[in-house]
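Enquirer: As you go down the protein sequences, you meet chains A and B in turn.
According to the numbering used here, the residues represented by the first sequence are 1 to 110, in order.
According to the numbering used here, the residues represented by the second sequence are 1 to 110, in order.
These aren't lab readings, by the way, just hints derived from the structure by calculation.
One or more of the hints may lead you astray.
Unchecked claim - Within a straight-line C-alpha distance of at most 27 Å, the following computed DSS-like cross-link-like pairs (lysine-lysine) qualify:
{"hint": "1", "chain 1": "A", "residue 1": "LYS3", "chain 2": "A", "residue 2": "LYS71"}
{"hint": "2", "chain 1": "A", "residue 1": "LYS57", "chain 2": "A", "residue 2": "LYS96"}
{"hint": "3", "chain 1": "A", "residue 1": "LYS55", "chain 2": "A", "residue 2": "LYS70"}
{"hint": "4", "chain 1": "A", "residue 1": "LYS53", "chain 2": "A", "residue 2": "LYS96"}
{"hint": "5", "chain 1": "B", "residue 1": "LYS81", "chain 2": "A", "residue 2": "LYS3"}
{"hint": "6", "chain 1": "A", "residue 1": "LYS96", "chain 2": "B", "residue 2": "LYS68"}
{"hint": "7", "chain 1": "A", "residue 1": "LYS55", "chain 2": "A", "residue 2": "LYS13"}
{"hint": "8", "chain 1": "A", "residue 1": "LYS55", "chain 2": "A", "residue 2": "LYS71"}
{"hint": "9", "chain 1": "A", "residue 1": "LYS13", "chain 2": "A", "residue 2": "LYS96"}
{"hint": "10", "chain 1": "B", "residue 1": "LYS68", "chain 2": "A", "residue 2": "LYS3"}
{"hint": "11", "chain 1": "A", "residue 1": "LYS18", "chain 2": "A", "residue 2": "LYS57"}
{"hint": "12", "chain 1": "A", "residue 1": "LYS96", "chain 2": "B", "residue 2": "LYS57"}
Unchecked claim - Derived list of chain B stretches under chain A, where covered just means 3 residues or more per stretch with a C-beta under 8 Å from a C-beta of chain A:
{"hint": "13", "segment": "43 to 52"}
{"hint": "14", "segment": "99 to 109"}
Since the structure is predicted, the reported quantities are computational estimates derived from the model, not experimental observations.
The beta-carbon is built from N, C-alpha and C at its ideal position, and this holds for glycine as well.
So the chains spell out like this:
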Amino acid sequence: DVKVTQSSRYLVKRTGEKVFLECVQDMDHENMFWYRQDPGLGLRLIYFSYDVKMKEKGDIPEGYSVSREKKERFSLILESASTNQTSMYLCASTPKNEQYFGPGTRLTVT
Amino acid sequence: GQNIDQPTEMTATEGAIVQINCTYQTSGFNGLFWYQQHAGEAPTFLSYNVLDGLEEKGRFSSFLSRSKGYSYLLLKELQMKDSASYLCAVSPTGFQKLVFGTGTRLLVSP
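Full structure from sequences and hints, please.
Expert: Here it is in structure tokens:
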């Protein structure tokens, strides 16, 4: 059974903190993605990776960076969290077409 | 730019049929996806269309017309558990990178 896990379901951080969101998949997928989901805006792609150590900017990469040191793990980093980064963050992976999503991390920046 | 339009909200009655439309204007086309997302949960894959025509999967069917930039998701024999948001997404390029619409919230009433 396909499984994508994220390190936290809920996270509260202060403005200016460095935040790490972890995503792990156990399906040996090459492609992994980070999205944020906001009411009225839908899912927006932040970064994606198609191989270890490879990364590509999505539609809204500003304020974020990523790391993919191992195939199964894709990390999203908020270098200096700001209140406008309060959102639901969803990780996904795919072998070919359909994307499998993790449960999401609801991040609140105060 | 990329643009995907779908209705914000729809209501229907248990046992009925509902059609959720999606129109898209993207720089390229590598397939169209439908996802279901229950409140507070991750999106789950429903269907994938890359060629024109109808794909049927149980109570759910998805249609694509590439020349019209149009798709619909058809849900038959509606059940209460079908109350959810339905996300239309297009892959404009390779690497399975997706652009999502803002989603259609479907409410099924008894």
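Enquirer: The structure should be examined with respect to each hint, and the outcome stated for every one.
Expert: Hint check results:
1. LYS3(A) <-> LYS71(A): holds, 14 Å
2. LYS57(A) <-> LYS96(A): At roughly 19 Å apart (the allowed maximum being 27 Å), LYS96(A) and LYS57(A) satisfy the hint.
3. LYS55(A) <-> LYS70(A): holds, 12 Å
4. LYS53(A) <-> LYS96(A): Roughly 19 Å between the alpha carbons, so the hint for LYS53(A) and LYS96(A) holds.
5. LYS81(B) <-> LYS3(A): holds, 23 Å
6. LYS96(A) <-> LYS68(B): holds, 25 Å
7. LYS55(A) <-> LYS13(A): holds, 26 Å
8. LYS55(A) <-> LYS71(A): Answer holds: LYS55(A) to LYS71(A) is near 12 Å, not above 27 Å.
9. LYS13(A) <-> LYS96(A): Not OK: LYS13(A) and LYS96(A) at ~35 Å, beyond 27 Å, violated.
10. LYS68(B) <-> LYS3(A): It is violated: about 36 Å lies between the C-alpha atoms, which goes past 27 Å.
11. LYS18(A) <-> LYS57(A): This hinted pair holds, its Cα atoms lying about 20 Å apart.
12. LYS96(A) <-> LYS57(B): With Cα atoms ~19 Å apart, LYS96(A) and LYS57(B) stay inside 27 Å; holds.
13. 43 to 52: holds (count 4)
14. 99 to 109: holds (count 5)
Consistency note: the structure conflicts with the earlier hints numbered 9 and 10.
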